[in-house]
Amino acid sequence: MAAALKARELGVEKIIILERSETLGGILEQCIHTGFGLHYFKEELSGPEYAGRFIEQIRQSDIDVKTNTMVIDIDSDKVVTAVGPDEGLLKIQAKAIILAMGCRERPRGALSIPGHRPAGVMTAGTAQKYVNIDGYMPGRKIVILGSGDIGLIMARRMTLEGAEVKMVCELMPYSGGLARNIVQCLDDYGIPLKLSCTVVDIHGRERVEGVTIAKVDENLRPIKGTEEYVECDTLLLSVGLIPENELSKSAGIELNCITGGPDVDEMRETSQRGVFACGNVLQVHDLVDYVTLEAQIAAEGAAEYIKSGGTDEKKYAYAVHQEGVRYIVPQKINIASEKDVDLYFRVCRIYKNSKLIVKIDGETVISKKKPKLAPGEMETIKLKKDMLSKLKEDSIVEISVEESL
Amino acid sequence: MIYDVAVIGAGIIGALTARELARYKLNAVLIEKCNDVAMGTTKANSAIVHAGFDAAPGSNKAIFNVKGAELMPSVTAELGVPYSNNGSLVVAFSEDEMPELENLLKRGIENGVKELRILSAEELFELEPNISKQAVAALHAPTAGIVCPYEFAIAATENAVSNGIEFMRNCEVQAVEKAEDCSVLKTTQGDIKARVVVNAAGVFADDIARMFGDDGISIIARKGEYYLFDKAKGHVVFHTVFQCPTPMGKGVLVTPTVDGNLLIGPTALDIEDKNDTSTTYPGLMDVLNKAHKSVPEIINTRDVITAFSGLRAHSKTHDFIIGFSEKAPSLYNLAGIESPGLSAAPAIAVHAAEEIVKKLGISDLNESFNPVRERPIRFRYLDDEEMAELIKKDPRYGHIICRCETITEGEIVEAIHAPAGARDIDGVKRRTRAGMGRCQGGFCSSKVLEILSRELNIPYEEVTKAGGESRILFGRTK
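Chains A and B, in that order, are what the protein sequence lines are.
Taking the numbering used here, the leading residue of the first sequence gets 1, the next gets one more, and so forth.
Taking the numbering used here, the leading residue of the second sequence gets 1001, the next gets one more, and so forth.
The set of hints was computed from the structure by calculation and includes no laboratory data.
Heads up, a few of these hints could be off.
Listed below are the simulated DSS-like cross-link pairs for lysine-lysine, each with C-alpha atoms no more than 27 Å apart in a straight line [said to hold, decoys possible]:
(1) A:LYS166 / B:LYS1478
(2) B:LYS1478 / A:LYS141
(3) B:LYS1392 / A:LYS78
Pulled out of the complex, with its shape left as it was, chain A reads as follows:
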């Protein structure tokens, strides 16, 4: 929605939003907790409220919206095929496409947790839908594996609904969630967070009856002798999010093996000219505010592409993640870019009192002290115009973390 509105503002005339759900707003509709919009609206909103602001603007615009309509194919000529009960089969020739399909949760299978396969093992997001949208309880005695934000939010949510959340187990020695969520969702309710701990067995034939947890060593392997049986009827999983790029693949778009999203330039243009990506389909975000900003950038790119016809040849410099940095988005920067460029990235582990170093072709252009860096919090650094002027074709922009001793 943010991309569509921005594109409209920039003068793009014919815009259509294709949405597979019954309603606009995506996953925000089931995120009834607050904490959205602090950066963008400078207000604390719930998910549906945040989405609602955009839905209202869309309603007042002449942007075409098709809900209950799922895109099943995008070809390399930008012909979008979609189906829906009302629309039947739609074929739309687009000048530009903005991908904003979001992400999905990593399921149990991807973790290979051994044991039985009873009812009561589900992702935190599925449980969230049952509770917040459908109004049903998916469990009463709960263990949560993974301390991603949805898991933390659901620990609180299930507690408020009267369930007993026994613990949150996290494989890593640190949480993958936002610090504020650990305080507000676990600490405030006395729910233990067990770090370096995982589920090694699931018990129960029909419904979950319990799980076995164990400590893991530095190679993340369970340590023999540390197993502990925990009685529960539900195991919620919050063990990572995966950008949903099956459509992007079918459109021939190159994906990044770390982010799972397309490789993009500073306008969020993918390897297919005229196809842009933003939000969780590009990289998994922590804050919706950043998603909105990213969508607006993609819309600017798309509007520009439509105006210019995409005939300009872009020359790129490349963003390369170095020591301590897991990835950077965008992966490449058009050297002709005339605006400041924000680089978004995540660090590999927790750092205290460290420095972020940005180098362009070996020359340090930014060195910034950071009291704390954590993988659960996306970082951003601005490349100002004067720095960008140093970029030549194939220049390398590096970001690294330097630990001060």
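Once you've looked at the hints, dock chain B against the given chain A.
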């Protein structure tokens, strides 16, 4: 009423046997203790149609495997079940294994397997470029294939029911009494009387036989664990790739599935508890390590969709037990049907039905028997025009429920209302593939639950994952 035949167990053997019986003028019932068909061994195995070179010449395994594999293309075509004749390879990874390959070739020829040939390493790499370069040769069996075993059993049951066979689910046989002219099965759904009872109870076939006073059968549950990979890995190999059998077992296979995934497994471990289909850390690691030996590209679980385990019904006699029980003449045993049971199933069913009607003195055919079961609509395989037309006719086919596999509401509703249709979330999954994709039902399970509740007219709380106490929800929120 007294049935002519009661078939215990709606796995692939029971389902196909029921379907074969439907060709005759008789009353038969197919009874299943679970909430759905194909819930035991049929649900979780290698999904392979073996060419037939493994078993000892003259054994039931050899005879029925070769015949069953021959029948497979026509039976699956009639039942609208996808079958792919992808061929298999037994790979030798050292010169030491060559005699075993020769051995299998010889045995295969003796068993009547056609087109068997030993390929050189070069020929092998031409066919399968991702096979380990350690390979020195391979036995190629072009007649081998792959089929989805639960889809096969579901289709066979549907066809049997359409042709007049009764189907009863959640019907567990707890005891058997002998009446004058029939057996009385004491079940969780009441008494069922039948003149002939077919024992197709899988790993529990010995328990059923014992209820009839036949203690000559002993079934060991042999667990096999598997990993299923995303379709992204579906083309790592084209053939079913076996390793040379060793005294330790048949090794681990790497195979594509008919649905385009990649399957690796199984382990082989005899277990006490015949209900224990749990996976284990050592078992899964073993599968991964052994598969890596065949296909070096398989190194981690990154593209794994799910892991599962199944129990083979291993008979102490090491062969299929097929025929009327000596101790209980009205009991027809189909026991110890482990690998190559799926391959042999069509031939076993034909044979069993013939013997049973002979015993019953029935020779009249069911004139209205229709062997064809149309394959349900698979929206994802339609072309644009067909999609558009179908949605116009029934908009529910335009409502995509499972995003990963592109499964529509129309297909799910059809699966629920089919003969012996789906009653739970896993039943919908096995019939339509909704929830079978990479997100494993994360998005669609709640929608499938809603559709089941609506179509079966039951509250949300009563919808289960797989029958019994496997409920998903515990009532309303506060």
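Hint check results:
1. Our distance criterion of 27 Å between C-alpha atoms is met by A:LYS166 and B:LYS1478, whose separation comes to about 20 Å.
2. The straight-line distance between the Cα atoms of B:LYS1478 and A:LYS141 is roughly 16 Å, inside the 27 Å bound, and the hint therefore holds.
3. Among the hinted pairs, B:LYS1392 with A:LYS78 is consistent with the structure: their alpha-carbon atoms are about 25 Å apart, no more than 27 Å.
Of the numbered hints listed earlier, not one is contradicted by the structure.
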